[in-house]
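Could you build all of it, start to finish, from the sequences and the hints given here?
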Amino acid sequence: MPSVIVHIQNEEAVLGEIDELPAGSDNVIILNHPRRRDGKDLSYLDASVTMVIWPVSRINYIEVMPGEQEEEIITFVRE
Numbered sequence: 001m002p003s004v005i006v007h008i009q010n011e012e013a014v015l016g017e018i019d020e021l022p023a024g025s026d027n028v029i030i031l032n033h034p035r036r037r038d039g040k041d042l043s044y045l046d047a048s049v050t051m052v053i054w055p056v057s058r059i060n061y062i063e064v065m066p067g068e069q070e071e072e073i074i075t076f077v078r079e
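Per this note's numbering, residue 1 is the first one in the sequence shown, and the count goes up by one each step.
Because the hints were derived from the structure by calculation, they are not lab data. Glycine included, C-beta positions come from ideal geometry on N, C-alpha and C. A couple of the hints might just be wrong.
Said to hold, decoys possible - Computed spacing ranges between beta-carbons, pair by pair:
#, residue 1, residue 2, range
1, ILE8, THR50, 14 to 22 Å
2, SER48, ASP19, 16 to 24 Å
3, LEU45, MET1, 15 to 23 Å
4, ALA23, ALA47, 26 to 34 Å
5, SER25, ALA47, 30 to 38 Å
Written as structure tokens, this is what we have:
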């Protein structure tokens, strides 16, 4: 489940997890465990909310955060 930062029009960015990246034909994005970038609750959501559905038309762009597997990649650098 990749972590993403969703940038919503006229709102602060929201951090959460998605089951799969939205396809070009999708109308909504489903975000699990939505929170602010610093991990705090979003003021406009109830504290018990675990899933939010946003229409894709309200989203400016989505940042995909590196997963655990991607962070373990070792590269060699010439000095």
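Cross-check of the supplied hints:
{"no.": "1", "hint": "ILE8 <-> THR50: 14 to 22 Å", "result": "holds, 18 Å"}
{"no.": "2", "hint": "SER48 <-> ASP19: 16 to 24 Å", "result": "holds, 20 Å"}
{"no.": "3", "hint": "LEU45 <-> MET1: 15 to 23 Å", "result": "holds, 19 Å"}
{"no.": "4", "hint": "ALA23 <-> ALA47: 26 to 34 Å", "result": "holds, 31 Å"}
{"no.": "5", "hint": "SER25 <-> ALA47: 30 to 38 Å", "result": "holds, 34 Å"}
The structure shown violates none of the earlier numbered hints.
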